[in-house]
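J.: Take a look at the letters that make up each chain.
Number of protein chains: 6
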Amino acid sequence: MHMLEKSIDLLINSYNSIGLVNHREGEKLPSKDSIAHILYSLDELIFPGFRETTGIEHTDLTLSTPEKIYHIAGELIRDVEGSIAFSSRNGSFSCGREGCHAAAELIVRDFFEELPLIRSLLALDLQAAFRGDPAAKSTQEVIVSYPGFEAIMVYRMAHFFWTREIPLIPRMMSELVHGRTGIDIHPGAEIGESFFIDHGTGVVIGETTIIGKNVKLYQGVTLGALSVKKEEANKKRHPTIEDDVTIYSNAAILGGETVIGRGCIIGGNVWLTSSVPSNTVVYSRMGEYNEKALK
Amino acid sequence: MHMLEKSIDLLINSYNSIGLVNHREGEKLPSKDSIAHILYSLDELIFPGFRETTGIEHTDLTLSTPEKIYHIAGELIRDVEGSIAFSSRNGSFSCGREGCHAAAELIVRDFFEELPLIRSLLALDLQAAFRGDPAAKSTQEVIVSYPGFEAIMVYRMAHFFWTREIPLIPRMMSELVHGRTGIDIHPGAEIGESFFIDHGTGVVIGETTIIGKNVKLYQGVTLGALSVKKEEANKKRHPTIEDDVTIYSNAAILGGETVIGRGCIIGGNVWLTSSVPSNTVVYSRMGEYNEKALK
Amino acid sequence: MHMLEKSIDLLINSYNSIGLVNHREGEKLPSKDSIAHILYSLDELIFPGFRETTGIEHTDLTLSTPEKIYHIAGELIRDVEGSIAFSSRNGSFSCGREGCHAAAELIVRDFFEELPLIRSLLALDLQAAFRGDPAAKSTQEVIVSYPGFEAIMVYRMAHFFWTREIPLIPRMMSELVHGRTGIDIHPGAEIGESFFIDHGTGVVIGETTIIGKNVKLYQGVTLGALSVKKEEANKKRHPTIEDDVTIYSNAAILGGETVIGRGCIIGGNVWLTSSVPSNTVVYSRMGEYNEKALK
Amino acid sequence: MHMLEKSIDLLINSYNSIGLVNHREGEKLPSKDSIAHILYSLDELIFPGFRETTGIEHTDLTLSTPEKIYHIAGELIRDVEGSIAFSSRNGSFSCGREGCHAAAELIVRDFFEELPLIRSLLALDLQAAFRGDPAAKSTQEVIVSYPGFEAIMVYRMAHFFWTREIPLIPRMMSELVHGRTGIDIHPGAEIGESFFIDHGTGVVIGETTIIGKNVKLYQGVTLGALSVKKEEANKKRHPTIEDDVTIYSNAAILGGETVIGRGCIIGGNVWLTSSVPSNTVVYSRMGEYNEKALK
Amino acid sequence: MHMLEKSIDLLINSYNSIGLVNHREGEKLPSKDSIAHILYSLDELIFPGFRETTGIEHTDLTLSTPEKIYHIAGELIRDVEGSIAFSSRNGSFSCGREGCHAAAELIVRDFFEELPLIRSLLALDLQAAFRGDPAAKSTQEVIVSYPGFEAIMVYRMAHFFWTREIPLIPRMMSELVHGRTGIDIHPGAEIGESFFIDHGTGVVIGETTIIGKNVKLYQGVTLGALSVKKEEANKKRHPTIEDDVTIYSNAAILGGETVIGRGCIIGGNVWLTSSVPSNTVVYSRMGEYNEKALK
Amino acid sequence: MHMLEKSIDLLINSYNSIGLVNHREGEKLPSKDSIAHILYSLDELIFPGFRETTGIEHTDLTLSTPEKIYHIAGELIRDVEGSIAFSSRNGSFSCGREGCHAAAELIVRDFFEELPLIRSLLALDLQAAFRGDPAAKSTQEVIVSYPGFEAIMVYRMAHFFWTREIPLIPRMMSELVHGRTGIDIHPGAEIGESFFIDHGTGVVIGETTIIGKNVKLYQGVTLGALSVKKEEANKKRHPTIEDDVTIYSNAAILGGETVIGRGCIIGGNVWLTSSVPSNTVVYSRMGEYNEKALK
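Protein chains in written order, with the numbering used here: chain F, 1 to 295; chain R, 1 to 295; chain X, 1 to 295; chain C, 1 to 295; chain P, 1 to 295; chain V, 1 to 295.
If you are wondering where the hints come from, they were derived from the structure by calculation, not from laboratory data. Treat the hints with caution; some may be incorrect.
Repeated chains share a single entry, so a pair holds when one copy, or any two copies, can fit it.
Unchecked claim - 20 angstroms max Cα-Cα, derived SDA-like pairs, lysine to any residue:
#1 Lys292 / Glu165
#2 Lys6 / Asp110
#3 Lys213 / Ala123
#4 Lys230 / Gly261
#5 Lys230 / Ala135
#6 Lys292 / Asp244
In this text the structure is predicted, and so the values were computed from the model without any measurement.
Please take these sequences and the hints and turn them into a complete structure.
T.: Structure representation (structure tokens):
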């Protein structure tokens, strides 16, 4: 089929002129499938036996745990190193090949040492989910079937890499779980313990959001920015939610100076751009509607 | 890289102290991948040739059908048995190893005998989708590209297991299709024939919802609860939607005593917490907005 | 387990009576997995190295590019041919086996020749995303982690097949990326250059929507129809959005005659069913709500 | 790399001029991988749990057995049908498309009904191997590590298809196990019960060989033809070995009229082209050699 | 295809009556695929980068080595435990579940600690092959393309398990490499350093063979037994080959008391059943043949 | 299982001290799996449809042929380049990184342009096999089930690379097919058209063998060397076989000056170290043996 030859030449020309080829233009950046594979393996490392079909019954955790850790470490170091090198070229600091690799090793080591702490936090989130949803019959059910819990699990790992200023990887992680759950938690957000999101589709939590303990969100809640100007990228643009707040479905809370005080309840569909004092109930006037009989 | 040894020890300690390992603590619970694989196979069993790349042209359905059924049965019995045993340990009844296995076999047998009925219901849902969307060009298009239809297909299977009081599996099924479609139908809901959901992202249908025949929903519709107290877990907390109702995008209908009467049309973004008599049109006052010219 | 034999017979009877088997009833229609595989391969062809784990470092693009094109061409021609034959049977024109195959070859050839143009458009969309989101740190980050960008990439390919009147395939493509991103862009929509969707979950863009250049949408925006009558399937049912418009989260703009003029800003949650003149800011009155202190 | 285009054209020309393309020239013949896959599955069907890594512990044989049989049946019917159609075109009888398919179904059904008998014969072969080799510690060891036993297992299945005059498939089966074991048993040979081949590499047993009960062969034994003229293809060209014969390594017994009588022992490296009466020991004079001291 | 149901019943009956099902009758014995997978992984562990397609360039051996060891250890412990338990049931000693597992762990630990020694021995074998074959251009060529070297590599591992009296596994290992190379070295043989087998097809080395240093064998050599009586299973039945001996193709040396003295050269096709003093050349009288002119 | 840590350290030390790691010590040499995959793909390229299970029915050869060629070219160029660089470092010539790559590209291009010629030669070999074996029922049967034919196919490709002085790859190819067939043809041998090997196990054809047209060999034939001294590596060490010669099973013909004249027939088990004039029949005196009656 010689007629495809023209398109082959055109496409190769396009690679040469426009670029956007990983990684002819510089460092080898992580690929989507690579980060997806790492996340999948981490899921199984954190809650052994709940993800993969083959159970763990005959497998001694003292053998499978180091095997998994060494395996994931190899992949993570490669991708963290590529991301650091990318950042080094574009940013304010720089590391040579040796230096970037050494930095990647240290960060990955720290990450694995943090995992038991992340497990402890997730155990609290699990309790919050179980308490917070009358439909939940067991904590095991939460692990295997709550998208909100899955999103929080990934957030807690992605946030680690964000705090180490690794580019790309934390956002790729949060986007992967956004794709699976419809819940978009920016890895830069700071979220306290015992956090619960129910149903979750459409939830957006922006980069500079701060969330306290025992907060509960429903589907479609936006914790967003008022301003989307590029030059304000380094400002706090998203709200602060204090401890023990509940926010019902499709509410939007916007702005970096907006603070929802401790113990508030924000009703469904409420649209808030200013602060609310502690222990306040806010409910929408959307309940107002018109009716007419058909014919 | 000896520096990973510390994290290995910490993580194994965490498994021992916090647990959350399937299944060192008891029954072998189903894994996410296992239920995902079962659902995938059931999809191909219900509409042969529409899911897998390899078509069925050379394959005699009289051979491939029993092959698939025996295959899925093996996996389902294992997972249903684990779930029943889990339930037996935590719940009000109990079965020994033999008993749980025998019960699982009976339930799986009943499930396969119900499949032709489910196909018949789905054929009606298919017609409803085709009639209900002007953009639909054929029923085949609905099978291969309507997320609402996929969600209903999975719901009708998950509901079977819910009615048999199998824990975990029905919720895992509904959550898998929630992840793919953004449509969250609790398997406990009761939904009549010829049901159609268009676009679907963000739809939430709660555990005790009752939906009649010929109901049509759009994206973002919530059929939810007013109360989320754990102690009301066994009450009817979600609304009743009678036959021939249409509910437009992002409407929220809440509460176990809320009844939307036969033939109603609920407009987009309407927020309802009380009943509406039959044949009523309800529309939001959200159309009201402010305008100003840009400089 | 003889008790499964009854269900085998019942299911085969159901295939014979209800049908819905691809492709015993006619042409071999594309399967979901087939189109998914094609889309995956096209993703890697458009931005080499960003999708698959194995990088492209040692691979000469002059070898891998023709390999991929010939591979995808084989699959696409098969599925386009099946779709054309299906359309030929049901529609107003008809092609024989030879004719359908030849037509499929030509369309696939044209598609590959269009790919460099699609890459150029996507390079502009990429710039729009980078400029439009203060959180975006690089264009590479947009490629690997922006669902809005992924949805646009697939739209631009699916739209090609839509304009060639190929049934099923464009809708299957748009639905696959809808599943991954929660963004539902009908392949029939016409969308200008430098388009950006942020977060994206819940966005719906209908079949006859027309969108100009430099338009920006946020999550939950609906560009929908007022009428969903089957007999109006061939009318323009969805709005027109002119150049340089921004539409914030959860706004709904409905109706085929609704035109949002150049340079407008539509606020979050606005519900619009009529046109807005150029350079107008529209904001919801949803900001109005009630408060009460908790005991 | 435009320089490959010339070779592409040359190769396609070669396909058109020389042919040898399955199956542009006629029936779809079985492929090597297809028969290899069927044999692999049959191995696991005959001795469940000894071949595949995943054991059968949790799998009920009443589920896995029909699953495997239906699966293999689908593949076998396809390949038997192709082979029959090929034979129909070239041979003395002919079947149309329907007829070839129906014939294939009957043969495959008969094959599966013969499997229990084949298992019984193999149980006897197993005993013969265990008794015949002082190094054998258990019958299980014979199943998992005796190439001679593997070759006999495949022979007993291939012979079934040979007796039904199916072309290609029996020879492909015997060649697959020849490749793995170095033992070349033509599927046309007739071999009695309790047969044992030790070590096995280099054994050749020709098409018209007849072997009685309790025969034992060592590596490198040839039971071959004296004449290799094409026109004698339908004559008995290979020897007859009566009951209770042992033939040591690298012996060659040639000719269709050569009969080794009951109870004979044929020594290593013996080269025989004529019959031997019952209960005779034949030993080579090869023991004669020359010696000289080095330096 | 109801006609398969009879064969399903017959086959399940056969499983119940004849058995030969792993592992309904007792311990879970290793499967062929399991040992094959372990051997494959060990190959890559011993000579990293020479077996798998993906090289090791980007992989730090300090990560990949522990990953591989923990992985293989998990599989080996399971299979060694099953084999020990099998042996425990049939043999003279016995271990309970805990005891068999603990024993398996110790043996596997010892095996991994022996691997560096095995590597050192293989480095000597490699030199012997390079020196011994004029066609060998490099030691790398020997690693990647000498079947004799592959057979020795597997022998040196299988022999470890043999000396620990693990049943099944060593024989399965030697049989796997016999299948690939045509070289059948019983794991019970004792073979000194710097051993080389050229070409190798048809070589048989029996269970009680003893081979010194710097021995070289060619294809088809048998080091076999004179007696194959079951009751002599515990006697030395195979020959002793002292240091620096070369044995040419197809020679057979038989008998437990046959000793080939240091420095001997045994010619092709020689058939020896008695000892040969050191530094002797033995050559066959097979060079004698008859000639006649054609026509 | 901390007890594995010692073995990890020991093994890493062994890598550092002994080496034998591909490719920390230099060029990236081809791996066994890589060459195996290339050979597999070439098999399917040469005789489309006879190897892979998925037939070629729906696949246009004008699409699948370039796809396969570009795919194999990418792999071959990588491995040829590594081999050339290895040779460059150790041998008498040298190429830099650019130069080795360019050389690899040219050799691979030439290889693909030679493939149609190789197909033509194989078509003649196919005819020779069909004519030469009374048991062969069709040429298709030869393609799918004659190990001799498979060995010749691989030889004809490996020989191409040998003549281009590429190290490792031709030997790896010949060894792969040796493993599958027991036939060991050194890629340096020169073999004329219409060559046939029947059964084949144990055949050895040495590096400097020359074989004319229409030659036929049986299992176990050795065409070998008399001298195996390293310093004679560059001499002709193996025999010359002229046109129309037949050599029966297990005959050995040795020595670089041994010439078997045109039209000779060499009987089974003959051991020849000197030349034979044309049209001579040579037969062994092995037919002589002793007999005695049992008891």
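J.: Would you mind marking each hint as holding or not holding in the structure?
T.: Going down the list of hints, with the structure as the test:
1. Proximity of Lys292 and Glu165 under a CA criterion of 20 angstroms is satisfied in neither setting, with 57 angstroms inside one chain copy and 42 angstroms between copies.
2. In this assembly of identical chains, Lys6 and Asp110 lie within 20 angstroms of each other by CA distance solely across copies; the values are 10 angstroms between and 51 angstroms within a copy.
3. Proximity of Lys213 and Ala123 under a CA criterion of 20 angstroms is satisfied intra-copy only: 14 angstroms inside one chain copy versus 42 angstroms between copies.
4. When the C-alpha separation of Lys230 and Gly261 is checked against a cutoff of 20 angstroms, the pair qualifies neither within a copy, at 29 angstroms, nor between copies, at 24 angstroms.
5. Proximity of Lys230 and Ala135 under a CA criterion of 20 angstroms is satisfied inter-copy only: 8 angstroms between copies versus 43 angstroms inside one chain copy.
6. Taking identical chains as interchangeable, the C-alpha atoms of Lys292 and Asp244 lie at most 20 angstroms apart only when they sit on different chains, with a minimum of 17 angstroms there against 41 angstroms within one chain.
In terms of the numbered hints stated before, the structure departs from hints 1, 4, listed from lowest to highest.
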